[in-house]
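There are 2 protein chains.
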Amino acid sequence: MSAEVRIIGVEHVPEARPGDDLAGLIAHGLEQSGLTLLEGDIVAVTQKLVSKAEGQLVDLREVEPSALARNWAARWGKDARQVEVVLREAQRIVRMANGLIIAETRHGFVCANAAVDASNVAGSEQVSLLPVDPDASAERIRRALSERYGVRIAVIVTDSFGRPWRKGIVNVAVGVAGMAPLLDYRGQYDEHGYELRATVIAVADEIASAAELVMGKLERRPVAVVRGYRVPPGAGSARDLVMEPERDLFR
Amino acid sequence: MSAEVRIIGVEHVPEARPGDDLAGLIAHGLEQSGLTLLEGDIVAVTQKLVSKAEGQLVDLREVEPSALARNWAARWGKDARQVEVVLREAQRIVRMANGLIIAETRHGFVCANAAVDASNVAGSEQVSLLPVDPDASAERIRRALSERYGVRIAVIVTDSFGRPWRKGIVNVAVGVAGMAPLLDYRGQYDEHGYELRATVIAVADEIASAAELVMGKLERRPVAVVRGYRVPPGAGSARDLVMEPERDLFR
Numbered sequence: 000m001s002a003e004v005r006i007i008g009v010e011h012v013p014e015a016r017p018g019d020d021l022a023g024l025i026a027h028g029l030e031q032s033g034l035t036l037l038e039g040d041i042v043a044v045t046q047k048l049v050s051k052a053e054g055q056l057v058d059l060r061e062v063e064p065s066a067l068a069r070n071w072a073a074r075w076g077k078d079a080r081q082v083e084v085v086l087r088e089a090q091r092i093v094r095m096a097n098g099l100i101i102a103e104t105r106h107g108f109v110c111a112n113a114a115v116d117a118s119n120v121a122g123s124e125q126v127s128l129l130p131v132d133p134d135a136s137a138e139r140i141r142r143a144l145s146e147r148y149g150v151r152i153a154v155i156v157t158d159s160f161g162r163p164w165r166k167g168i169v170n171v172a173v174g175v176a177g178m179a180p181l182l183d184y185r186g187q188y189d190e191h192g193y194e195l196r197a198t199v200i201a202v203a204d205e206i207a208s209a210a211e212l213v214m215g216k217l218e219r220r221p222v223a224v225v226r227g228y229r230v231p232p233g234a235g236s237a238r239d240l241v242m243e244p245e246r247d248l249f250r
Numbered sequence: 000m001s002a003e004v005r006i007i008g009v010e011h012v013p014e015a016r017p018g019d020d021l022a023g024l025i026a027h028g029l030e031q032s033g034l035t036l037l038e039g040d041i042v043a044v045t046q047k048l049v050s051k052a053e054g055q056l057v058d059l060r061e062v063e064p065s066a067l068a069r070n071w072a073a074r075w076g077k078d079a080r081q082v083e084v085v086l087r088e089a090q091r092i093v094r095m096a097n098g099l100i101i102a103e104t105r106h107g108f109v110c111a112n113a114a115v116d117a118s119n120v121a122g123s124e125q126v127s128l129l130p131v132d133p134d135a136s137a138e139r140i141r142r143a144l145s146e147r148y149g150v151r152i153a154v155i156v157t158d159s160f161g162r163p164w165r166k167g168i169v170n171v172a173v174g175v176a177g178m179a180p181l182l183d184y185r186g187q188y189d190e191h192g193y194e195l196r197a198t199v200i201a202v203a204d205e206i207a208s209a210a211e212l213v214m215g216k217l218e219r220r221p222v223a224v225v226r227g228y229r230v231p232p233g234a235g236s237a238r239d240l241v242m243e244p245e246r247d248l249f250r
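Chains as they are written, first to last, in numbering that gives the first Met the number 0: chain S, 0 to 250; chain D, 0 to 250.
Hints in this document: simulated from the structure, not taken from any laboratory.
Check each hint, because a few of them may be wrong.
Stretch-level coverage of chain D by chain S, calculated; a stretch enters the list once three of its residues show a Cβ under 8 Å from a Cβ in chain S [said to hold, decoys possible]:
| # | stretch |
| --- | --- |
| 1 | 4–14 |
| 2 | 48–56 |
| 3 | 109–122 |
Some but not every residue of chain S turned toward chain D, in silico, with C-beta under 7 Å [what the hints assert, rightly or not]:
| # | residue |
| --- | --- |
| 4 | 31 |
| 5 | 34 |
| 6 | 35 |
| 7 | 37 |
| 8 | 38 |
| 9 | 118 |
| 10 | 163 |
| 11 | 181 |
| 12 | 198 |
| 13 | 208 |
| 14 | 211 |
| 15 | 212 |
| 16 | 216 |
| 17 | 240 |
| 18 | 248 |
Note that the structure is a prediction, hence the values are computed from the model and not measured.
Note that CB positions come from ideal geometry on N, CA and C, so glycine has one too.
This is chain S alone, in the form it adopts within the complex (with noise of 0.2 Å):
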């Protein structure tokens, strides 16, 4: 483990259209902010530079609301269409109360609105969904990146999840490439011999977060690097950080 991390905001990122060339967008930013790859590095994206990119977008104004969608619309104020597309993207609804929606969605991420968002999508009448494998995503831009500057990297896809008994939200990982997300210590001692035996830490979280720290929402910085961490090995995948539903105490 290093003794030093660097958390890199990456400037010039250009505005992603459908059909878009990710790994070019990140590419032409890391060149006008005057960076490049090095060995090791992990580039955090936000969720919706790669939704934008693969067309994960819906016109509210082609979305037909159903019964469902419209009473919990009008109970809480809320767009019946926006609720409708939630619905579509859920795969299975955990709560649905106080006017919150939190799902599962198909990638097995429980969180609210089936990560539909409204926000940072041009027109007002657009929503932005989740890739729909956000690991080849993220594996895409790890296999282009990697070519473009002969180095081995590795990817995170980002997206900001609320939490039980905690306020506020906290980027996450969506979808990885290039590194197991989970860092396990069982079975190796500590400092004073005691065998850890639960511990095993989801660093592509903590990596997803420490980017969020130079991305911001306002400002147009939708990638990240983050240099000098030496990621556990592994191919990767978020599914590894979706928990078993047979060890959740929260379904």
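Using the hints provided, position chain D relative to the given structure of chain S.
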């Protein structure tokens, strides 16, 4: 918001004993590491270091388990004395199933085992508790280090918590001084003119997670300096991170 944040692990922090001066231990580590503190730095300190210096340790040989603790321990293969300490630290049991106790501490934090922890404590018969008032602990460190180095800093006391739905633990803030732990974008507009209605970021938790990347669990690096991040102004309290019961769908 900054374009680069550095996360610097502090080496050579001595092992803490009850009664030790925490700011002195941290300053010793900084000096031995060739580091100083700069205006605006955030010093992240593990709960374990703080709890040891504050004597928040329990000798299990002096604990008499209740019938509940004995039954639970027998059923799930746990140490009944440790279960007893968990039950005493809890002000509310959120879930008690599958050998797991998810409990609310007197500070309002919901986490496994009410944050009672056996790792990285000298002597196999000792466990550590959270500090009595982690905000006050953070404030004492902040004041002493600010005076010593003549700069304004913030301090975060960190612990690693599990989360529902996601595997692995991540570092979060359990004590905060010298900064607001939440960054509130509500009422501001993104670059597309969309009003950010629900965007409140738990930056203290993100900083705690970032700090974990250099702390590790096996190295003696219980302190990290986060440099280059402009903190939300405020006196700060980790209690601001605790979800109000009436908004919590997972009590």
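Here is how each hint holds up against the structure:
1. 4–14: holds (count 6)
2. 48–56: violated (count 0)
3. 109–122: holds (count 7)
4. 31: Hint on residue 31 of chain S: violated, closest Cβ of chain D at ~13 Å, above 7 Å.
5. 34: violated (10 Å)
6. 35: Hint on residue 35 of chain S: violated, closest Cβ of chain D at ~15 Å, above 7 Å.
7. 37: violated (15 Å)
8. 38: violated (18 Å)
9. 118: Residue 118 of chain S check passes; min Cβ-Cβ to chain D is 5 Å, inside 7 Å.
10. 163: holds (4 Å)
11. 181: holds (5 Å)
12. 198: OK, holds: residue 198 of chain S within 7 Å of chain D, min 6 Å.
13. 208: Holds, about 4 Å.
14. 211: For residue 211 of chain S, the interface hint holds, since the closest Cβ of chain D sits about 5 Å away, which is under 7 Å.
15. 212: holds (5 Å)
16. 216: Holds: closest Cβ of chain D sits about 5 Å from residue 216 of chain S, inside 7 Å.
17. 240: Check passed: Cβ of residue 240 of chain S comes within 5 Å of chain D, closer than 7 Å.
18. 248: holds (4 Å)
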